Amino acid sequence: MAGNKMIFISGGVRSGKSAWAENKILHAKARRSIYLASGRAYDNEMAQRIERHRQDRFYDGWTTIEQPIHLEEALPRLKTGDAVLWDCVTTWLANELYAGWETGTPCAAQPGCMEKKWAALQETLHGIRAVSELLVVVSNEVMDDFIRDEPYQRWLGRIHLWLVAESEEAFEMENGFAYKRK
Amino acid sequence: MHIVFGGAFNGKRQFVRGLPGCREAAWFEGELPRDSIPGAVVAGLELWVKRQLENGTDERELNRLVQDAIAHQRPRQIWILTDINRGIVPADPLERELRDVLGRLYQQLFLQAASVTRIWYGIPETLKGADLHENLHKNGR
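Going down the list, the sequences are from chains A and B.
The first sequence begins at 1 in the working numbering and counts up one residue at a time.
The second sequence begins at 1 in the working numbering and counts up one residue at a time.
Worth flagging that the hints you see were computed from the coordinates, not collected in a lab.
Keep in mind that this is a model prediction, so the values were computed, not measured.
Check before you lean on any hint, since a few could be wrong.
[Said to hold, decoys possible] Between beta-carbon pairs, the in silico distance windows are:
id, chain 1, residue 1, chain 2, residue 2, range
1, A, Ile69, B, Thr57, 44 to 54 angstroms
2, A, Gly104, B, Asp100, 30 to 40 angstroms
3, A, Ala130, B, Arg17, 27 to 37 angstroms
4, A, Arg148, B, Thr126, 25 to 35 angstroms
Quick reminder that beta carbons are idealized off the backbone N, C-alpha and C, glycines included.
Working from the sequences, and respecting the hints, build out all of it.
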């Protein structure tokens, strides 16, 4: 039976949120542990880092699905009863919001572009919840600073508000401690 | 004075708008209320402080102006404060100064406030004082 539960966890860089999220998934004892990765390699070091993580997870019994954009394409690859970790909202948003920048037409500059992707994301997350035992969504805290990139931060805030409202549980990670906010 | 505190785009204004009696409140965005207005909401203080620093106002004078504004508005007033002090040290000297001045000002305001509520993506957490809803409800009558 699908559990339909969603947990949101957010924290600073190296706060321990990924390890915490992985633990949640492994404790769910689902048929499969799915690592839905939105990270994208922009240089060699990152490519190696991603590959090393993918291999580590493989030996721990994870199935990795790499989906930097178009999260909906991962949906057909999920099976009923999976536990899914999506890592993470911030990289997905950067990939989608700036998709097309190489040709001078980033999504952020096109009216309605991100709105469409946002609607698709909500639908996809509902779809993932419908089949999965547990969905854990990981994100970052990047709002407690000067506004460096207003469209990005505005979108991230909007997405986080929605995720917290939709989730059964929401946690803020600080220095290895997960504070339950909901 | 009540403080609603948190990072940018976390739903602070939305939270305040949802409090009883706050929809009709007089809002001051990036400016200080000059006259006594019951139930004033002050937001975007960091923009006001930035403008003062750009105009060469020193920290002592700036703090005095803030204290005057608070004294005029007693007892029921809400200050929405945006946390901008948890990032990397800025390259721009004015931004560094703004962080320093704002950090010290926030400490002072937290000390004075009857209550402090932190908002994390729409979820309120009381950091100080009695429940904000209760106080506002009582005061709003």
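Taking the hints in turn, this is what the structure says about them:
no. : hint                                    : in the structure
1   : A/Ile69 / B/Thr57: 44 to 54 angstroms   : holds, 47 angstroms
2   : A/Gly104 / B/Asp100: 30 to 40 angstroms : holds, 39 angstroms
3   : A/Ala130 / B/Arg17: 27 to 37 angstroms  : holds, 33 angstroms
4   : A/Arg148 / B/Thr126: 25 to 35 angstroms : holds, 30 angstroms
Checked against the numbered hints given earlier, the structure satisfies every one of them.
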